[in-house]
Each structure stands twice: as C-alpha cells, then as structure tokens.
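> Listed below, chain by chain, are the residues.
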Amino acid sequence: MTDTRGAGERLEELDAVEGLAVEPITQWDLFWTRLRRHRLAMVAAGVLTFMVLLVVLAPLLPFEDPTQRLLDDTGRTLRNIGPRGGILFGTDELGRDVLSRVVYGGRASLIVGGVTGALVCTMGTLVGSIAGYYPGPVDQSLMRFTDLVLGLPLLPVAIVVGRILPDVEWLPSWVGDGPIGIALLLGFLSWGGLARIVRAEFLSLREKEFVEAARAAGANDRRIVFRHILPNAISPIIVQTTLIVGIAIIVEAALSFLGFGIPPPTPTWGGIVSEGGRIAVRGFWWQLVFGGTALVVTVLSINFLGDGLRDALDPTQTIERK
Amino acid sequence: MTEVASTYDTTAEISDDHILRVDNLVKEFPITRGVFFKKQVGAVHAVADVSFYVKRGETLGLVGESGCGKSTTARSILRLLEPTSGDVWFNPEGGDPVNIPTANKETLRNLRRELQIIFQDPYASLNPRMTVASIVAEPMTVHNVGTKQDRLDRVKELLKVVGLSPEHTNRYPHEFSGGQRQRIGVARALALNPSFMVLDEPVSALDVSIQAQVLNLLQDLQEELGLTYLFIAHDLSVVRHISDRVAVMYLGRIVELADRNALYEEPMHPYTHALLSAVPIPDPEVESNRVRIILEGDIPSPANPPSGCRFHTRCPKAVEGVCDTDDPQLRELAEEHWVACHYPEVRKVF
Amino acid sequence: MAEPLLEVNDLRTYFSTEEGIVRAVDGISFTLDRQERLGIVGESGSGKSVTAMSIMRLIEPPAGEVVTGTITFKGRNLLEYDEADMQDIRGGQIAMIFQDPMTALNPVYTIGDQLMETIMLHQKVSRKEAYDIALTAIEDVQIPGAKSRMETYPHELSGGMRQRIMIAMGLSCNPDLLIADEPTTALDVTTQAQIMDLMLHLADERGTAVMLITHDLGVVAGFCDNVQVMYGGGIVEKGTVGQLFANPQHPYTWGLLGSLARMDEEEQHRLRSVRGAPPSLINLPSGCRFRPRCDFAVDVCAQAFPLLRDSGEPGQESACHRANELDLKSIVQEEEVTA
Numbered sequence: 001m002t003d004t005r006g007a008g009e010r011l012e013e014l015d016a017v018e019g020l021a022v023e024p025i026t027q028w029d030l031f032w033t034r035l036r037r038h039r040l041a042m043v044a045a046g047v048l049t050f051m052v053l054l055v056v057l058a059p060l061l062p063f064e065d066p067t068q069r070l071l072d073d074t075g076r077t078l079r080n081i082g083p084r085g086g087i088l089f090g091t092d093e094l095g096r097d098v099l100s101r102v103v104y105g106g107r108a109s110l111i112v113g114g115v116t117g118a119l120v121c122t123m124g125t126l127v128g129s130i131a132g133y134y135p136g137p138v139d140q141s142l143m144r145f146t147d148l149v150l151g152l153p154l155l156p157v158a159i160v161v162g163r164i165l166p167d168v169e170w171l172p173s174w175v176g177d178g179p180i181g182i183a184l185l186l187g188f189l190s191w192g193g194l195a196r197i198v199r200a201e202f203l204s205l206r207e208k209e210f211v212e213a214a215r216a217a218g219a220n221d222r223r224i225v226f227r228h229i230l231p232n233a234i235s236p237i238i239v240q241t242t243l244i245v246g247i248a249i250i251v252e253a254a255l256s257f258l259g260f261g262i263p264p265p266t267p268t269w270g271g272i273v274s275e276g277g278r279i280a281v282r283g284f285w286w287q288l289v290f291g292g293t294a295l296v297v298t299v300l301s302i303n304f305l306g307d308g309l310r311d312a313l314d315p316t317q318t319i320e321r322k
Numbered sequence: 001m002t003e004v005a006s007t008y009d010t011t012a013e014i015s016d017d018h019i020l021r022v023d024n025l026v027k028e029f030p031i032t033r034g035v036f037f038k039k040q041v042g043a044v045h046a047v048a049d050v051s052f053y054v055k056r057g058e059t060l061g062l063v064g065e066s067g068c069g070k071s072t073t074a075r076s077i078l079r080l081l082e083p084t085s086g087d088v089w090f091n092p093e094g095g096d097p098v099n100i101p102t103a104n105k106e107t108l109r110n111l112r113r114e115l116q117i118i119f120q121d122p123y124a125s126l127n128p129r130m131t132v133a134s135i136v137a138e139p140m141t142v143h144n145v146g147t148k149q150d151r152l153d154r155v156k157e158l159l160k161v162v163g164l165s166p167e168h169t170n171r172y173p174h175e176f177s178g179g180q181r182q183r184i185g186v187a188r189a190l191a192l193n194p195s196f197m198v199l200d201e202p203v204s205a206l207d208v209s210i211q212a213q214v215l216n217l218l219q220d221l222q223e224e225l226g227l228t229y230l231f232i233a234h235d236l237s238v239v240r241h242i243s244d245r246v247a248v249m250y251l252g253r254i255v256e257l258a259d260r261n262a263l264y265e266e267p268m269h270p271y272t273h274a275l276l277s278a279v280p281i282p283d284p285e286v287e288s289n290r291v292r293i294i295l296e297g298d299i300p301s302p303a304n305p306p307s308g309c310r311f312h313t314r315c316p317k318a319v320e321g322v323c324d325t326d327d328p329q330l331r332e333l334a335e336e337h338w339v340a341c342h343y344p345e346v347r348k349v350f
Numbered sequence: 001m002a003e004p005l006l007e008v009n010d011l012r013t014y015f016s017t018e019e020g021i022v023r024a025v026d027g028i029s030f031t032l033d034r035q036e037r038l039g040i041v042g043e044s045g046s047g048k049s050v051t052a053m054s055i056m057r058l059i060e061p062p063a064g065e066v067v068t069g070t071i072t073f074k075g076r077n078l079l080e081y082d083e084a085d086m087q088d089i090r091g092g093q094i095a096m097i098f099q100d101p102m103t104a105l106n107p108v109y110t111i112g113d114q115l116m117e118t119i120m121l122h123q124k125v126s127r128k129e130a131y132d133i134a135l136t137a138i139e140d141v142q143i144p145g146a147k148s149r150m151e152t153y154p155h156e157l158s159g160g161m162r163q164r165i166m167i168a169m170g171l172s173c174n175p176d177l178l179i180a181d182e183p184t185t186a187l188d189v190t191t192q193a194q195i196m197d198l199m200l201h202l203a204d205e206r207g208t209a210v211m212l213i214t215h216d217l218g219v220v221a222g223f224c225d226n227v228q229v230m231y232g233g234g235i236v237e238k239g240t241v242g243q244l245f246a247n248p249q250h251p252y253t254w255g256l257l258g259s260l261a262r263m264d265e266e267e268q269h270r271l272r273s274v275r276g277a278p279p280s281l282i283n284l285p286s287g288c289r290f291r292p293r294c295d296f297a298v299d300v301c302a303q304a305f306p307l308l309r310d311s312g313e314p315g316q317e318s319a320c321h322r323a324n325e326l327d328l329k330s331i332v333q334e335e336e337v338t339a
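Just so you know, the sequences run in chain order A, B and C. Mapping of the first sequence onto my numbering: position 206 corresponds to residue 206, and the numbering continues sequentially without gaps. Mapping of the second sequence onto my numbering: position 46 corresponds to residue 46, and the numbering continues sequentially without gaps. Mapping of the third sequence onto my numbering: position 302 corresponds to residue 302, and the numbering continues sequentially without gaps.
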C-alpha cells in the first residue's frame, strides 16, 4: 500500500485533486487583467489621459489666448461674464477666458506634478535603496542627510528659494521662473519620506530567505537588488510617489495663492483658484469652481491610478483564472 | 578510558571520501552600542569552535534546540554569513579541495553550483513577485547556463522530478500549498546538479502528512542523484529517520556526534540523554513507560556562555571544580562516536 | 452516568471571505468529562483551533459565526450566554492557553499586574489577597524567585517562562476546563516536556479537565486519555489514546501515523505519507472529505457523507464508510514484515 510510484507518476492525481492544470498566462496579461478589474483606476487613467492630451494639444485647439482679454463688439472688455454659449466657463476679472486659463493652467500644474513625482521617485528610491542595502557608514551618512532634508520646512524654504532663483544669473530662465523650477525645488525638498520608506523596506527584504536563496545560487548584488528586492518594494514606492504628485500640485497652488508661485500672467491652477477664491465670494463662482474641480479631479485620479497600479503589480492579489 | 580516547584532529587533510570538512569554525555577531560611533561592547558566540566532516553520499543530521547555532553553522559553511574564523574545506569529486572562507569571488561563484540550500519557510524562501519558471531557473540564469528555451525545458523537467506539473511554470508561489512550495524550492536547488545540499529545517513548517511526502522525495533524490545532505532540524524523530550520522549541538558547540543508531541507542552526553528523553513518541504504550530527564532552567545566552562546559549550568551530572572550569573537547570514545563531556556514560533513554 | 462537563452538539462555525464561505468547523459533536484529558489532533486548517475559539465564544461576527449547534457547559448552553456572563466563564471556569504566550501577555504591564487583574476579575478578593494568590500561582508553576518575578515585564522572560506564566494565569481561578491550543509548539523540546508535565500535574491537582489542541501525535500519546482526530472541519475518528494509536480505524489517522518518523525504532522504513494536500474549506469534496487523498476510496465515498459510528473496539468511533471492512492494522504489520 506504500506509494512507491515515482513522483512524476503521482502528478496526474495531484492535478486532478487540486485542479491546477491551466493554460499559461503571461505576466503582462496578468497585469492588465488586474488593472482592468480596478474600475476606479481605469476611470482615473482615462481622466488623466484626457487631461494630458488636452494640455499638450492646447495650442492646436481653438482656445482663446489665456493671457488676452476678451472684447465685445464695441471693444469693451468682457469682465466677470458668467458661463454661456461661446464662453463656456465664463471670463475672469480681467476679462480672460476661464476655460482656456484652466486648460493652459493645467500645463503648469501637470508639469509640476510630473517632474516633482519623477524626481522624488528617483532620488527617494536611489538614496533609500543604497542606504538600506549597505548598512554602516554609507547608510548612516545618507540617512542623516535625509533627516536634514526632511527637517527643512517645505513652504518657507520654497518661498525663499523661489524668490532667489529668478535672480541667479547663471541659471537658464526656464529654471528660474517656470513650472520646472518650482518642480525641481519641490522635488529636492520632498524625497526624504520616500527614502526612509524604501530604506526600511530594503532592510527587511534583504533578510528574507528568498534573497538568501538568490545569494546561495550565486546572484550578484545587482541581480539581488533589481530582481528580488526592488520588485517587492514597489507598492510603497508607487503609493508614496502618487501622494507626492498630488501634494506637489497642491503646494504649487498654495505658493501661487501666497503670491510666490509662477508669476502672472502665466495661468496655473493654483493661481486660478487663489484669484477665483477672492472673486467667488462676490458671486462669480465660475472663476473658482472650474479651476478647483480640475485640480481636485486630477489629484484624486493620480491617487486612484496609484492604487490600481499597486494592486495590479501584486501577484498575490486574487484573480479568477478561466 | 580518557587516555585511550583521541581528540578530534583539526589539522589533517581532507580525505577523499569526505565531501566537506569543517575545522574550528567560529561565528560571532558583534553587539554594538551607539549610533554614529559604533563601539563593540560584546559578541554573540553563535558558533564556537565547531569541527566535523561529511562523507560523500551520506546524510549528516545536525540537531539542537533554537539558538544552538545549527543554522548559523550552515550559513557560515555556505558563506551566506562570513565566518569569524575557521576552515571549511569542500572537496568536489575529481577536483581539488577548496577552503570556502578564503575562496575568492570567482571560485565562490563556481562553488555555488555544487552547494545548494533548501530553507525552512516555504513561504519566505520564494520571491512572491517571480513566477515558478524564473524561480527555478534562477541558478541557471545566474550562471548563464543554456539558452532561455534550454532553461525552460530544464525547469519543466525539474518540476516533474519533484512531483509538480510542468504546466505550473507561469504561476506565482502564493498559488501553491506549503508542501508544493517546498517542492519548488527543491527543484530550484537541483537546477545546477549540485553534489552537496544543506537542508535547513526543510519540513518543520509543513503539516505531518506533507512532511512525509517531502522527506520521501528528498530520500529518493539522494538515491537517484547521489547527493550528500547536511540535514539541520530540531525534530529528533525526523533526524533519525533521514540521517546516517547525527551531530548534537548545544550553545554553539557539538556535544556529541555518532552514527545514527549509536547516538539514539547508546547516547553518552547528558544533554543528548535529556533531549532524547524529552521527545514524545507517538505510541502510548511506549510513552507510559518512559522516564523523562527534565532539565533545570533555560538555555543560557550565547552572548555570555557559561565557563568550562557550556552545559554545566543545567547538567544533572555536573561536578564542581571540573565541569565549570574545564572546557571538554570532542573525544572519540567508541568507533566514530565523539563526545564532549568529562563524565560520559552510555544510557538508554527508550 | 454523570453529566459531562462539556457537550458539543453539531457545532458549525463558518467564516465568510471574499472567495466564499469557509466551513472551518462543520458539524462536530463530542463530550468531555470532568478531569478528562482530551486531545484534539489535526493539521492546519482542520478546524481544531476554531473549535476551541467557538467554545470560548471568541469568534467575532461578522467575519465568523457559529451557525448552528449547542455547546453545553455544566448543563447550560454557552451560546445563549450574554457577553457579560461569558466574561465570567472565560478565565474563570474555562481558561485558555495559547501557542504564543508573547502575544497573549500585554507588554506594558508587569507579570504581577496581569495575574492580579485576572484574579480580581473573577474572584471577590482585595488587592492584597489577589497579590498573595498571584504569588502562590507563580510559585506553583515552579518559577524561582516568585516575588521578584511579579515585577518583571513579559519581554524579560524566556518563552518557557512566559508559558508558565500563562499556565499560572489560566489555573489561578481553579477553572473546570483548561483549553490549551498548541501550548508547546513554539517551545524547544526540552522545555516542551517541562511545560507539559507541569501543566498536567497542576490540572490534576485542581481537578481541571484539559482539552489539548495539537498537531503533534507524540504529545497526545504521552499526555492524553482520549483523542479525536479532525480533518477538513469534521471529526474523523475518536477513541482512547491506546485504541487509536494501536488500531486506527480511519484511513486518515492510519496515514497520519504512517507519516511519522519513529525515533525509537532502529529499522527506519519508508514513511507512508498521505498524498495530495488538505482540502479547501470553501470547496469541500463531495461525500467523504478525505476521499481525494484516500487509497481505499470507493464509489460510495463520493456519494454519501460518512457519519461517526462505532468501529474497532468499544468506545472507538470512525467516520469512514469502510471502517469495518478495512483492516488497517494488519496492513501496518504487513508493511513492517516486508520492510
């Protein structure tokens, strides 16, 4: 009665018992299936795609110049006109078209969000992984530096540096007073949190048995980091990065609100919201609501998409196999 | 008796019948204080002067309770941890012996094809983000063996060998049960046809019925492929079942090493007596007639091991003035039966 | 016959999860007499721990729920108790010891505080009296320096010491029933022997019945009077320890015993092993739950669910359709001859 058959012969039974024999599925398929199941993330992806396309293609589309005032037939400026046919989102105090200001304002905000996010993701991951993978003096010095950066108060430093930057002669002007300058500044100030998270992940992952197994197989540091540790730290990186993108857009808005952002007349969502907020109390709600909605919807979409990506990249999320 | 007994010779050359020889292996973990200026204030003596050899084709069991240093010994042998001192000679068939602790990077990398390890926790030892195919193929990928297709073919073959379906290559570890995962771990270890395998508690995380499956698989593989095993476990029943010879560790030391039957039937070290008497035997008739040797107290901290014989604080036979001052060496008291005790005595415990 | 201390009747505890309903305990019935030592053996997912949690009413809705059944303790159905009454029972008349003593002890209070709290919760005593009872309890579990131990925190103790404290806490109110859920699994084998001996010795002194939940058949063989084997949420076999080990009636018990390496045998023959893996408790197989892994399954096993019935010696019961026609014991003997 002893089971003396070879392991291979017992196979069919095992499969019959557990119903495991299936068609192969590629990892890419799995990723897409999972992402598609995440309905909110799909909607968010659609919204963001639309926003980006709109913002990039704005000059080719029939929008008004966001910096020019609209005039009526008699040459009078159309100030504070409510939404109507032809002027869908109305005009602002100076008579500029709110729709085109919201669209062009999105350029600045999305650049700030995107560039800050990219910078934070790169620096945070790089610093965090080096610190987490090489304990001792390397880790110690990098983390003290991180603490220093984290200790800098975001808004005051941004305000001061933002004020100085345009006057630095050797910097190209697009760094000085464009959205990229703000983004770089915000990025350099906000990677500390992610670095700490990534370091903690690395510290715990490097002790895992599967990392030891890879080492026992002869894998070098590069393979261990890129194949074994980093993929398992991806969730917190994505979550933190999407949070930062949202925060960067909001901080840019706050800077503009305080008058330290991108200087007028270039439209930004922050600027629109701050101006609009002041005006809206007098009943001109459209000057606040459209810009504000665009800002909120974008930030929310980025966070939802982040959630979706995180789940889709996690193979342990349950998935129906057909 | 003491005069005749020879102590273990750690200077001899590795014999041809031995695949591995460990001489005076020591592994200490420093205890440090301070954040910026780290100062060493002590050390955990996890492995304190361990010597043994492993014969080609045999299974050497290494048993002991948690904290005795058995896993650290295994990891130091494979240089997953850097040993503090000592030699580990690996003797590949038809090649020259290599001393692992001093081997250079390239030699070590090549050695890794011969030495493999299977881990205790089938959940933690497989990367959750990799498919079974990439997990099992990893040793081949790392050593650039064959084309991608060759590797996939080999993976399928290996999965069959360990009793899994070759169609499972695209699945992720979490889709498998504990026993199946352990089989995946075995397949990975076999990928490069190693000659020596460290099995670090390979079945202790599994349910009893699954344990037997994996143990049978390991025994079949050993027979078919001529593997040598260093089998580390705390379960003395499993160790007797699978090992040819058994070494008992206590607090970083080997206290007794002998042929399987000699160790279980005629144990000489008081710690071995206590250990064996404590293991419950799944037979109520046998159990009702057993006398347990209950040890006093807990295992001392390896950061501050007792002087003399490390077991003297809990030993029922400890003699003051001897056991607490003199550190007993491993001596061969019967053929191939090594004991580190000042007052050894054969005692049947069941 | 006297009324049993505990009578569990057709207990079903289900958990609802995203994947479906997990039938963790599915229709079990058993009795436990005063001062009995009952072992409940099973592998992970067999329902043995959920059985204990159900008795202690520690299953929290909405995740899990006792769907049907009665748990009669000293003549009253525990499932009808309100939460306040149940709190008196827990720790007072039924005590429980867990696998991991570290998680069961609160790390920010001293051992003494925690012991005294339990005592004062269940007995009408002053702080001073509670202190004395706690001190005696620590002395009873053979911890040296009881007075100073009262002032220590859980992390300062070894695993074995913590488990002793748990035993002291469990037995401090002289319960009628002690449920020990894998009490020694996290401990080393020499410590395990100490703790088991101590726990059962103290339970005997107090006339406390013990329900020992474990995966370790060796522990059951050494320390229990009666045993029941659980598989896939049901009891597949019960009997005295002697009967079950010498003459298993259910193919699962038989397979389990054959899976064990025996340390006391000079001839080590190949382990029998049970093929396959335990069933998913969401999609249980039809008929007998052990059928897909059973070497003796026939048509009827797929059609009808086997109930526990007398099989083997008097008092022994097995939930196998073929229990009476199979002679598992002689298969073992044949194996030993051929090996």
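Hint data in this document are derived by calculation from the structure and do not stem from the laboratory. Keep in mind that a hint or two might mislead.
Said to hold, decoys possible - Calculated cross-link-like contacts (lysine-lysine; reagent style DSBU-like; alpha-carbon spacing at most 35 Å): (1) B:K317 with C:K329; (2) B:K160 with B:K55; (3) A:K208 with B:K156; (4) A:K208 with B:K317; (5) B:K160 with C:K147; (6) B:K39 with B:K105; (7) B:K148 with B:K105; (8) B:K348 with A:K208; (9) B:K348 with B:K105.
> Please go over all the hints and tell whether each is borne out by the structure.
Hints, one by one, checked against the model:
Only pairs whose Cα atoms come within 35 Å are accepted, and K317 (chain B) paired with K329 (chain C) is rejected, the gap being roughly 43 Å. Restraint check: the Cα-Cα separation between K160 (chain B) and K55 (chain B) comes to about 29 Å, which is no more than 35 Å; the hinted pair holds. For the hint pairing K208 (chain A) with K156 (chain B), the CA-to-CA distance comes to about 26 Å; that is within 35 Å, so the pair holds. For the hint pairing K208 (chain A) with K317 (chain B), the CA-to-CA distance comes to about 41 Å; that exceeds 35 Å, so the pair is violated.
Distance restraint check for K160 (chain B) and K147 (chain C): the Cα-Cα separation of roughly 61 Å exceeds the 35 Å cut-off, and the hinted pair is therefore not satisfied. Note on K39 (chain B) and K105 (chain B): the hinted pairing holds, with a Cα-Cα distance of about 29 Å set against a maximum of 35 Å. Our distance criterion of 35 Å between C-alpha atoms is met by K148 (chain B) and K105 (chain B), whose separation comes to about 26 Å. A threshold of 35 Å between alpha carbons decides the hint, and for K348 (chain B) with K208 (chain A) the separation of about 41 Å lies outside it, so the pair is violated.
At roughly 48 Å between alpha-carbon atoms, K348 (chain B) and K105 (chain B) are farther apart than 35 Å, so this suggested pair is violated.
Of the hints listed earlier, those the structure fails to meet are numbers 1, 4, 5, 8 and 9, in rising order.
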